[in-house]
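Asker: Sequence:
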Amino acid sequence: MFEFRDEASEHEKCYATIGQLPRFVDPKQPPTKKSPFSAMLSHAYVHTTELILPREIYNVIWESLDAKLQSLQYAKVILPLSSLLEGDFFNKYIKIGNVLMISEGRSGVDDVFSLRDGILRLELGRESYEKSGLTGKPMRSGGRKHAKERYLVEINLRLPSMLHGKKGFDRIVWAFKNALTTSVTWLFCDLSSDSNNADQESPLKKHHPTIVTCSPSRTDHHDVLVPQINMGDLIDASQDDVQDLCQEFSEWIALVSLGSPRVVAGHSVDPYLSRYSVPQVELSKPSDLVSLKWSGLIPARWINQLFTLLL
3 MFEFRDEASE HEKCYATIGQ LPRFVDPKQP PTKKSPFSAM LSHAYVHTTE LILPREIYNV
63 IWESLDAKLQ SLQYAKVILP LSSLLEGDFF NKYIKIGNVL MISEGRSGVD DVFSLRDGIL
123 RLELGRESYE KSGLTGKPMR SGGRKHAKER YLVEINLRLP SMLHGKKGFD RIVWAFKNAL
183 TTSVTWLFCD LSSDSNNADQ ESPLKKHHPT IVTCSPSRTD HHDVLVPQIN MGDLIDASQD
243 DVQDLCQEFS EWIALVSLGS PRVVAGHSVD PYLSRYSVPQ VELSKPSDLV SLKWSGLIPA
303 RWINQLFTLL L
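At position 268 of the sequence shown the residue is numbered 270 (my numbering), and the sequence of numbers has no breaks.
Check the hints yourself; a few may be wrong.
Said to hold, decoys possible - Keeping only pairs whose Cα atoms sit at most 25 Å apart, straight-line, the calculated DMTMM-like set for lysine to aspartate or glutamate is:
{"hint": "1", "residue 1": "Lys139", "residue 2": "Asp90"}
{"hint": "2", "residue 1": "Lys94", "residue 2": "Asp68"}
{"hint": "3", "residue 1": "Lys78", "residue 2": "Asp90"}
{"hint": "4", "residue 1": "Lys295", "residue 2": "Asp225"}
{"hint": "5", "residue 1": "Lys208", "residue 2": "Asp172"}
{"hint": "6", "residue 1": "Lys207", "residue 2": "Asp90"}
{"hint": "7", "residue 1": "Lys179", "residue 2": "Asp90"}
{"hint": "8", "residue 1": "Lys35", "residue 2": "Asp119"}
{"hint": "9", "residue 1": "Lys94", "residue 2": "Glu151"}
{"hint": "10", "residue 1": "Lys169", "residue 2": "Glu129"}
{"hint": "11", "residue 1": "Lys295", "residue 2": "Glu65"}
{"hint": "12", "residue 1": "Lys179", "residue 2": "Glu132"}
{"hint": "13", "residue 1": "Lys78", "residue 2": "Glu58"}
{"hint": "14", "residue 1": "Lys35", "residue 2": "Glu52"}
{"hint": "15", "residue 1": "Lys169", "residue 2": "Glu132"}
{"hint": "16", "residue 1": "Lys295", "residue 2": "Asp90"}
{"hint": "17", "residue 1": "Lys169", "residue 2": "Glu156"}
{"hint": "18", "residue 1": "Lys139", "residue 2": "Glu106"}
{"hint": "19", "residue 1": "Lys94", "residue 2": "Glu106"}
{"hint": "20", "residue 1": "Lys30", "residue 2": "Glu88"}
{"hint": "21", "residue 1": "Lys179", "residue 2": "Asp225"}
{"hint": "22", "residue 1": "Lys78", "residue 2": "Glu132"}
As the list claims (entries may be wrong) - Label pairs and their in silico Cβ distance ranges:
{"hint": "23", "residue 1": "Arg160", "residue 2": "Arg277", "range": "20 to 28 Å"}
{"hint": "24", "residue 1": "Val283", "residue 2": "Ala41", "range": "28 to 36 Å"}
{"hint": "25", "residue 1": "Asp246", "residue 2": "His45", "range": "22 to 30 Å"}
Everything labelled a hint here was simulated from the structure, so no lab data went into it.
Heads up, the beta-carbon is just placed ideally off N, CA and C, and yes, glycines get one too.
Go ahead and model the full structure; you've got the sequences and the hints to work with.
Answerer: Structure, rendered in structure tokens:
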């Protein structure tokens, strides 16, 4: 009887692109505007990355690939917002360099902050927003469609006007020193440097950061039924057929990641409990797979490098 549909609350969509990769991709300068590279770069804050390979391929390539892959590190540090605008930290990491930062907290519930490409993003509750005096815009908060309970403030700290002594910038400094004063835990990654995030000359060093090195956890999957996919057949396939294939493959690879026995050869279960079967199960062949999983603050640039080294 009533129309309760709300586009803002709909589930995110999964986009799939089918095409041909370039014959040569430079791992040091991979493409940034073409799929799938652009899709990976669009995700600034990644918590978990998983790589699934057939064991025979893993045994052949992983040792040499791991030697070329950049070490994955980030820092954990406690800072108030005002520290981001201080001297060496502001000049080296924001004005000149390029860092990725995200604070603790739950989006939609707590005051949470992030920094990417020099743009500081503040997600604030009503009380914090009004106290700060900064200019922002209302943002959706839970199921309350029209209630303005949360606000988003975005500040481009790389603008020429963002300098100490400028009226607009001093207003931001005042807000950070008098209103938004709470020290929070940040995850910090220096994208402009391949070295340790907190070397002896780093402005971050005085804040006593904890350096976290991400190492992959390995999981072996035995006798997994791998669906046969002929990419040539997809060129002339209808949109519905492509969509069905992408959904089936996404479901299969998710079950592999979870270690589900439903993708293992010879496994059977009462159909009342599960009716899932591997796509084109009669053509699928059992294979041993290796899963490598990294967790932490993972920059999109590192994921791009991993992908290009696999090509």
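Asker: A separate judgement is required for each hint: does it hold in the structure or not?
Answerer: Here is what the structure says about each hint:
1. Lys139 with Asp90: Since the Cα atoms of Lys139 and Asp90 sit roughly 31 Å apart, the hinted pair is violated (cutoff 25 Å).
2. Lys94 with Asp68: Violated, at about 30 Å.
3. Lys78 with Asp90: holds, 19 Å
4. Lys295 with Asp225: Distance of about 20 Å is within 25 Å: holds.
5. Lys208 with Asp172: Between Lys208 and Asp172 the Cα gap is close to 24 Å, so the pair holds against 25 Å.
6. Lys207 with Asp90: Status holds; Cα separation ~11 Å.
7. Lys179 with Asp90: Holds, because 18 Å separates the two Cα atoms, which is no more than 25 Å.
8. Lys35 with Asp119: Cα-Cα ~17 Å, so holds.
9. Lys94 with Glu151: violated, 35 Å
10. Lys169 with Glu129: Holds, at about 24 Å.
11. Lys295 with Glu65: holds, 16 Å
12. Lys179 with Glu132: At roughly 15 Å apart (the allowed maximum being 25 Å), Glu132 and Lys179 satisfy the hint.
13. Lys78 with Glu58: Violated, because 37 Å separates the two Cα atoms, which is more than 25 Å.
14. Lys35 with Glu52: Judged against 25 Å, a Cα distance of about 23 Å means the pair holds.
15. Lys169 with Glu132: Holds. Lys169 to Glu132 sits at ~19 Å (cutoff 25 Å).
16. Lys295 with Asp90: violated, 35 Å
17. Lys169 with Glu156: holds, 17 Å
18. Lys139 with Glu106: holds, 22 Å
19. Lys94 with Glu106: Given pair Lys94, Glu106 holds - Cα atoms ~23 Å apart, limit 25 Å.
20. Lys30 with Glu88: Between Lys30 and Glu88 the Cα gap is close to 33 Å, so the pair fails against 25 Å, i.e. violated.
21. Lys179 with Asp225: Cα-Cα ~59 Å, so violated.
22. Lys78 with Glu132: Measuring from Cα to Cα gives roughly 29 Å; hence the hint is violated.
23. Arg160 with Arg277: 20 to 28 Å: Given a distance of about 54 Å, which is not inside 20 to 28 Å, the answer is violated.
24. Val283 with Ala41: 28 to 36 Å: holds, 30 Å
25. Asp246 with His45: 22 to 30 Å: holds, 25 Å
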